[in-house]
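J.: Chains as they are written, first to last, in the numbering used here: chain A, -18 to 186; chain B, 27 to 946.
Each hint should be verified, as a subset may be incorrect.
Across the chosen pairs, the derived CB separations fall in these ranges [unchecked claim]: (1) Arg505(B) to Gly144(A): 36 to 42 Å; (2) Arg505(B) to Ala149(A): 25 to 31 Å; (3) Phe107(A) to Glu183(B): 35 to 41 Å.
To be clear, the hints were calculated from the coordinates, so they are not data collected in a lab. Virtual Cβ for every residue (Gly too), placed ideally from N, Cα, C.
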Amino acid sequence: HLCTSLKKDSQFWYLYSCFMVKKSEVECLIRLFHSLVERDDVRLHNNVLDRNTFRATLHNLFGMTDDMLMKRVFFAFDKNDNCMNVKEWIKGLSVFLRGTFEEKLKFCFKVYYLNSDGYISREEIFDMLKNSLHQQSSEKETDGGIEELVEKMLKKMDYDNDGKISFAVFEKAVKEETLLLEVFGQCLPEAKVQCQQPKLVEKTF
Amino acid sequence: MLSANRNPVAKILGMDYNTMKEDPSILNILDKITKEDDPESEVKMKMAMLLEELDLHLLNYSLKHASLEIHLNPVTIKKDIELLKHFSGQGEQTVLESIEYTSDYEFSNGCRAPPWRQLHGEICYVLVKPHDVETLCITCCAEGVFLNGGKTDDEGEINYERKGAIYKDLVTFLKHKSAKFSENMSKQTRLTEEQQKVKDQPKKAPKKKEADALHKSITSSNKSKLENNQINFGKNQMTKRLEPSVNWKTDVDFKVRRISVRDTQEKKHGGRPEKSTPPVSPGRAQLVHKNADKTEEIPSESSSESEEDEEPPDHRQEANADLPSEYWQIQKLVKYLKGGNQTATVIALCSMRDFNLAQETCQLAIRDVGGLEVLINLLDTDEVKCKIGSLKILKEISYNPQIRRNIVDLGGLPVMVNILDSPHKILKCLAAETIANVAKFRRARRVVRHHGGITKLVALLDCAQNSTEPAQASLYDERDVEVARCGALALWSCSKSYANKEAIRKAGGIPLLAQLLKTSHENMLIPVVGTLQECASEESYRAAIKAERIIENLVKNLNSENEQLQEHCAMAIYQCAEDEETRDLVRLHGGLKPLASLLNKTDNKERLAAVTGAIWKCSISKENVTKFREYRAIETLVGLLTDQPEEVLVNVVGALGECCQEYENRVLVRKCGGIQPLVNLLVGINQALLVNVTKAVGACAVEPESMVIIDRLDGVRLLWSLLKNPHPDVKASAAWALCPCIQNAKDAGEMVRSFVGGLELVVNLLKSDNKEVLASVCAVITNIAKDQENLAVITDHGVVPLLSKLANTNNDKLRQHLAEAISRCCMWGRNKVAFGEHKAVAPLVRYLKSNDTNVHRATAQALYQLSEDANNCITMHENGAVKLLLDMVGSPDQDLQEAAAGCISNIRRLALATEKARYP
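If we strip away everything but chain A, and leave its shape as in the complex, we get (with noise of 0.2 Å):
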């Protein structure tokens, strides 16, 4: 009965067109959102999805670990007031299930640069990297690794040497190497997962 009276609203259509997912994988999509609202509650406009939720769907679904990342995509999916509407929540999904190379490559830089002044600087790296190197025999130790880490990738991408990355920038270094594309960290859903989708979200619920 979901799906039907979804049917009748105007906003289904407008997804159904704007982000030409299967008209199937919409409903899909929208039954998984409304299964995790976890309210019967037709009413699309008020139903919206809060962090928490969010970050625990991310992992389940999708194999995400990384607590940082996983607020960054959030803040990538949602638009600015804490809490992620079904209309945000199919946005996000398509680019994520089922985004052109470069969707995904706009969705990553988003969720790389925090500050929103459209670069990633030095320290944002420093910040995602922190927890990659397995803890060595010192923090000091491991701190100087990372800051090697950054250093190398600042190095192969800082094609204008101002301590930062520009989004032309990042899209020309993961053009030359597609592995650089989740580079800071994963913010999409693992490669094997994509391969089945979408199958699996419709199996899962």
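Starting from the known structure of chain A, fit chain B onto it as the hints suggest.
T.: Below, chain B alone, put in the same frame as chain A:
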């Protein structure tokens, strides 16, 4: 070796050493001397005694030295270990808790160490658990026994480094390491002695026997060790003298290793039982020889196989050498690979790719800091990105032959083969490309096959067909065509082994390759054609290539712009064109013209060799030769007779040999000045080239004008001297070439006589056991015998009994030429009678039952000659020749008719004469 040489000590040191001192012969002499009382003989005797004393002293001295150089060998070690195994187990009485080999696999030389460790003289590794110490991992090698670094936990690999002193054998080693062992060992011995006294205790009897056996065989193994040492002594001296450089030594070692690999293969195929293995170090010299023979015996590997099978020595970078800065940077990156999460790993992998991985310093640096292990481990994880990054690096560095071997040694191939099943096309591609690089040597190719890699690679070829490409490709995906290309690339590398060719065929690879051949992408076509060309060495492939209409596409691609593609297409045609139908197909699809025009491009020698090869094989068909003449290819071929590498020359000369079967072309070759360079090539040493050159010269010699030139250039003498060539093919080909020479030379008889020892050489070739040589020599004899004087000489050299000896053959070619030779040789003296005496007549009669008219004609002519002797007529009649000859009289062949009739008339005349004599 020991079985053939039961008493090496005596052989090396002389019989005297072996016999008792109170030699009766010495006593006899002594007696004689004392009886005669001759002062002079007494002096002699004293001298003799002194000399013998000196001799004995020298022998003892050398023996003492010999016994110092103790070397272990697989046999003694095996004995010791088996013995100790017998006395191991739980309980206080045993000497050890357990003793086990690390590897179940025993190479045919008795070693269990992997071949690359055998290089260091290591024989096997043993895990020993004594009662009182931790498990010991022991290396047994030729120098002795020592403790190694033990088994590493993760891989089960052995750390081969020596961790302690070398002991002379296993028992001594264990006595030093375990107090309990030495205690129990001595107990066992004491036990034996005690038990010998108390013989009537039935319960303990078996144990006693065991202990006894232990005691005995340890001593006996020691004894045999001593004997081996004495052999070693002699051999060591020899090898030392033969080892001028380190290079030589390594070379020998590789060969030895290769035998062991071959042997294992044989064992698998033939199920041959384990043979007694000679100890490695002393038998080395013989093994090398054996290997040389074996390489020829085993036809299973294709010609291209040998490439890069010499395993190069490992160059580890010296720790104290000046290391490049890349080394330290790479070392750091490997550290991050080991200790980082997925993100750090990807960053480290990407950074590593920023180094110049084509550079050997970087390649070796990655290996030397332990990067290979980590990279291969990453392949086993679930992380797609890490796998991609790792494979991208492995793909680059596996261009290095040493790295390839390291990858195989670390077990990288099975993992990559598994990745071929991955749903991610990019992973499939990268894995296939890396396999293509690694599988450049035989061991690697075998590993790929054994792990089912061939089937999976063939499956990759199929990708291009069901190309329902998703509208939106996932992030890490490649195009289907790319997958197929990488698959073909890997198959190309793998197809250099015979068994892999079979596996590709069985996996249904040929139709897929044929399908891919229809595309027009050069980078796809090269590996596909390369694979086909490699496989076309097999008959089954050639048939399939014909059936799948592949020739058409090969011909089409001859017109491509790409030199490599042209080369492989030409090579494939060369391989396939042994078949007549295929030759016709090449012509029908218009392949001869591009071949002829490629002949003018001589800069790329590989391509030139392939093109000339294709022309050679195609010119076996007359129609093709006509076409080639039309395209003026023959003139170009003659131009290629000088200044070309041997591979090209072999094919050019082969092609000319085929072309010159026709009159016009013979004239053409002469007019282009081809005779001189051909004759010049007769002095070469390349066997394949000589076979072709002699054939070509022979073909030219059919034309009298060319013959004059050949004669002037002393070509006949050169051909004649090739009869001494060790290889039967060359001998036969030279002999065939001599026939037209003798036929067409002016004053042939005089010319033949001028070759000192030449006639004797020819006659002696009749002792050969090669049918082709025999047939060709018979043909030469037929021609020589046309000159009466020469016939007399060869008769003196015993040509008649030798020819008669050959008569019992079923080979029609030999029969024909033999019969011709016999009929010619009948023209001298009492040879007709002699043939009868040597029982050549009865087998000849049987030749008439053959199906070959040529045999019939030659035989009838021989019988006609022989029938002039009455006894021969009787033999013929007895063997039923008359009826057979009567049939021949009705033959359409005139010469045959005439000879058969003549023979019958001779027999008839004899019968009439006897009747007349009986009833006058």
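J.: If a hint holds in the structure, say so; if it does not, say that too.
T.: Hints, verified against the model:
no.: 1; hint: Arg505(B) to Gly144(A): 36 to 42 Å; verdict: holds, 39 Å
no.: 2; hint: Arg505(B) to Ala149(A): 25 to 31 Å; verdict: holds, 27 Å
no.: 3; hint: Phe107(A) to Glu183(B): 35 to 41 Å; verdict: holds, 38 Å
When the structure is compared with the earlier hints, no violation turns up for any of them.
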